[in-house]
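Visitor: Protein chains in written order, with this note's numbering: chain L, 327 to 563; chain Z, 327 to 563; chain C, 327 to 563; chain A, 327 to 563; chain P, 327 to 563; chain W, 327 to 563.
Mixed in with the good hints, there may be bad ones.
Same chains, same label: a pair holds when it works inside one copy or across any pair of copies.
[As the list claims (entries may be wrong)] Once the Cα atoms are required to be at most 20 Å apart in a straight line, the calculated EDC-like pairs of lysine to aspartate or glutamate come out as: (1) K476 <-> D330; (2) K476 <-> E546; (3) K549 <-> E560; (4) K553 <-> E536; (5) K553 <-> E541; (6) K477 <-> D487; (7) K563 <-> D510; (8) K486 <-> E415; (9) K486 <-> E535.
In case anyone wonders, no lab produced these hints; they're calculated from the structure.
Protein chains: 6
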Amino acid sequence: MRPDDRPTDELRPITITHHFTNKTPGSILIRAGETMVLCTASISDKLPPWMNPEELRGWVTAEYSMMPGSTSPRKSRDRNGKIDGRSTEIQRLVGRSLRAVVDLELLGQRLITLDCDVLQADGGTRTLSITGSMIALLDALETLPEFAGKKPGDEGFPVKDYAAAVSVGLVEGEPRLDLCYIEDSAAEVDMNVVMTAGGRFIEIQGTGEEATFDENQLAELLKLARKGIGELVELEK
Amino acid sequence: MRPDDRPTDELRPITITHHFTNKTPGSILIRAGETMVLCTASISDKLPPWMNPEELRGWVTAEYSMMPGSTSPRKSRDRNGKIDGRSTEIQRLVGRSLRAVVDLELLGQRLITLDCDVLQADGGTRTLSITGSMIALLDALETLPEFAGKKPGDEGFPVKDYAAAVSVGLVEGEPRLDLCYIEDSAAEVDMNVVMTAGGRFIEIQGTGEEATFDENQLAELLKLARKGIGELVELEK
Amino acid sequence: MRPDDRPTDELRPITITHHFTNKTPGSILIRAGETMVLCTASISDKLPPWMNPEELRGWVTAEYSMMPGSTSPRKSRDRNGKIDGRSTEIQRLVGRSLRAVVDLELLGQRLITLDCDVLQADGGTRTLSITGSMIALLDALETLPEFAGKKPGDEGFPVKDYAAAVSVGLVEGEPRLDLCYIEDSAAEVDMNVVMTAGGRFIEIQGTGEEATFDENQLAELLKLARKGIGELVELEK
Amino acid sequence: MRPDDRPTDELRPITITHHFTNKTPGSILIRAGETMVLCTASISDKLPPWMNPEELRGWVTAEYSMMPGSTSPRKSRDRNGKIDGRSTEIQRLVGRSLRAVVDLELLGQRLITLDCDVLQADGGTRTLSITGSMIALLDALETLPEFAGKKPGDEGFPVKDYAAAVSVGLVEGEPRLDLCYIEDSAAEVDMNVVMTAGGRFIEIQGTGEEATFDENQLAELLKLARKGIGELVELEK
Amino acid sequence: MRPDDRPTDELRPITITHHFTNKTPGSILIRAGETMVLCTASISDKLPPWMNPEELRGWVTAEYSMMPGSTSPRKSRDRNGKIDGRSTEIQRLVGRSLRAVVDLELLGQRLITLDCDVLQADGGTRTLSITGSMIALLDALETLPEFAGKKPGDEGFPVKDYAAAVSVGLVEGEPRLDLCYIEDSAAEVDMNVVMTAGGRFIEIQGTGEEATFDENQLAELLKLARKGIGELVELEK
Amino acid sequence: MRPDDRPTDELRPITITHHFTNKTPGSILIRAGETMVLCTASISDKLPPWMNPEELRGWVTAEYSMMPGSTSPRKSRDRNGKIDGRSTEIQRLVGRSLRAVVDLELLGQRLITLDCDVLQADGGTRTLSITGSMIALLDALETLPEFAGKKPGDEGFPVKDYAAAVSVGLVEGEPRLDLCYIEDSAAEVDMNVVMTAGGRFIEIQGTGEEATFDENQLAELLKLARKGIGELVELEK
């Protein structure tokens, strides 16, 4: 039995609050079970310094942070100038995942920054950050007159397809969908999968935690992930 | 007229959500008009390294940060190892204000950390952080068996009195209570006042912003502050 | 009795050395009792990067630091990239206090930096830094041909009025002027006041140190501060 | 055709120099084509501070860095206190991969640090770092009397199995093994695979670079990786 | 002719103020011409963390910094966590030079920190820091009962001999003693020499500034240095 | 007897590998006994920000670092934003030494960066870095068409003369050439000398390590250094 009595192929309950705050064009408070992330999308005309200003395209980037009160015991702030390695990894993953479904030329010369701040952590913060950021990005684009009323796949719209992410894992040898913290800590294999609505992979990160896995287990995990992502994409729509 | 049509001596509407998150014993989402702060209170047995472990007392400290999406344009994170001076000032003020009403011996050998994270900023974030932290601190103490069911002033309870804070200011020569951002930016004089329920001052910080003020103006501002704090303390109770 | 036998309303003896060093146009070594601060004023044509170069105005800023040998035990240098919170607070106060009496348009496109380095600390370093910086600023302006021979209040002179600062406090319930270190450590209430020669407030910062204070005590403290500042302004002139 | 005329399923030529330097018990200079990494393994009795000293186990960690002259143009050193995100990701991957085949209890209370310094970069530095570190780790263990003469899988030997890593990718729609830099830059999909000699997965990281991929492509890439890793493990042995 | 009309073998006028500040047992304000350095010597029982607490010896260390107002234009403070390379070099030289004449066992388990803060810079700040620190160190030892009344060379006194330092250089081909800033900037060869009262070398650092020098020039420079240091040691005594 | 049985005036065996890596125009792996340094020379058109772009000259700079595996026990990386003082000193010395023989105008508007990374440390790393950098610099210039085929001293060639460096020292009172680590640790006097092929001094740094030395000893040490540098310059040629 899972800690919260879910079947092995069931997502935790998801709730999504649009425009939770109002200073940024996108602001999504997303919950999956006890995990809670605030994803805000800011739009700026100021492109990153490494971009060639003559290229007629934009950029999408992300930052991730866990708030001090999101865990017990309290997590110290990253204030000594070093972001911890895990946060760095996650924010790179979020940005890369969104860029896989964005046409940067169609976006125009704009920087969109997704800030994913974890208010409460109970497993799956990185995948929930991707899913929440996808929605925040769409809300933000909706505020731009040239994109208002359009949706992914529409001609001229910079988002080519929906993307969503979910974690899967082997816990006590059993493949499970959407691990909560207790399961995540005990998992032999932990895998994060990002896919499009069209069922194509954007990213697969599978890790044996002091363990290894074989091809059949990989196939089962990917099947669970596909199911979960299908449901998430429906929610996004 | 004020931007939001309030009378000069009226607070913005306040809403308080207890236990907004559940990983810390105190977690208050407090709003005053458009300003919104999450105040979490964490309890730890690990005292700060500068404290003498043989002293039988505790400590109360605070950290303050504005989230990237709390303002427009987006505010960069403090990730280069330097907290901006304003945040340093504010978090020192929050900690000092709470300690003025806490009996650190009665608290016992515990560290309570108040994390004040501004989700949305529209003026008065530092005073709202103090008021929200006061409530989060009380909620956190309620979870400790030895203090459960007690309230400020009760014998043996480490909080001696309620404390609350409010901003006042001179805008176009007019004394006003609880400035919103537009007023704050235009104020000739900006003053933050922290008081106890019993009407005693904990802190007064009055600043002429490229201007100065006289004793009569000071008296009028303090009178407004006293009125506002009285109302806030009623809310806390 | 006070540690140095002064009456409660008496300043410590002040000595001011002009042009203590000669590489900056203003250089004041100021002593109040055992406290000793070197305030140098540098003038530069290079404005801070956040200023709009098209605005035809200047800026006045300050930096504050305690030298390692200024206290016993020795104070470590701020060399790890983090200025301690107290120094940040003080240097912001010094800059803000001076800007309250400076007309930045009349100053022209110049940056004036006041460096306040405490050579010996015995209480009141922040207020003495303000008073010393005021004098260093005037000495520095005197070296500019367009301002030579003018004084605060003169037409076209960028300093509108003299400013000075002093600390007051409640020690064993008694209001006292210009606290030395022993008094400062023992004070129930500590207040720093910055005023103009004309008797108007620039800044009031009153703090109950694990204590609170009422309106009568506030009035008594402000009366003492007014007396002390009157005497300091005479010295400046 | 590939830039170096290799068949799509062929590894670049590998050369391995044991004991390239002599101050550490393991020191491997490993080359794959033009990529060249120095992997040193140091043994220390001083465990990381976060480990509970009462646990009777060891730890294996890794650090990764590209030397300034390893690329053209020159790569700046990480000297401002921030390791770039990519290096952080890679060194975490190297450490995790090795720990998947190490029995930390059998290792005993020792810290083994693998330092992977890229002398020359031409694609595949992270996977070559894993393979080189595996060999350096074995050389280092050989110097410990209790493990001398043993090999992975032997009873009481802390390394349970050989591990090796390789990159695969889709370039112009074609699955290829062991990408060089030109191919890596042009790849639609980039995948790093770490496996044991026994053919089990330790880690899969597949990323669509502004592109996506389907299940058939995933299967083809994994097949290529399996072939390459089989050959690498033979070299290690 | 030299900028200040001195003969080539003449020191600038030296003035030494003992106990310029009173929070540290040694505090020397030393001037050579326009160069002015405050050298304070602090004594602590807390030895550096790298020292073995079972060794029955002490340590002498130094820190060097140029104050912001010591030069024109103003020198920025080292507040970003990186001390500039020149300051690092100088403070290492000062500490090493003093340790060459100190018997660390006789000093006992004490840390003496010499803080050299340049108030005004006109060439020769590093050598003046050494000479000033020597005197501050002797003043500090005088305050310890076990060493009071003793002088360098006395039995049981931890300072074995006086040390002093001076700069020499080739300017327009001419060997000169004790360069001021204008000469230092123009010098083809710049040499700093530290010697004992007994005429033995502690340190020689000679540098061709985009130039080179031969053995005869070296001999002439060392002769000048010997003369200058002889005079400095007389002053110290 | 010396630890490796050399006569007191003999260099350790030197081996030089040109083009050890191929991403930079100069890349020298240089060994002296057990000490091993990789010196790469990179050429860039981007001059340092402090240079006036209107000056028609270039710059030569150096960076020095010891790799973690170069010593036993392992040396931690400089990743906290502070380069250790010794590395700073050394890299400044390497850059300064090369610039003494380079005509920066003839070099043209180019930045040449010498990266000296110590792979294995056994004494004399700083002097070997200078000698290796000299050769890497010449190899790098050889790749520029305008300088190909020329050598130091040729008209129009930016390197005016060969430079090389060696350490000498007093060990048990005996002057010795080219100290290895054991000797270096035990030396009473440690001296690093940089000279041109023409026999002129570029830099002398002689330090008494808790000891002092007289003029005769200085003369003997310089004589040994001259012999060693003569042999090194022959190798360079």
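Visitor: Let me make sure I understand: some of the numbered hints might not hold for this structure. Which ones are they, in numerical order?
Guide: Violated: hints 1, 2, 4, 7, 8.
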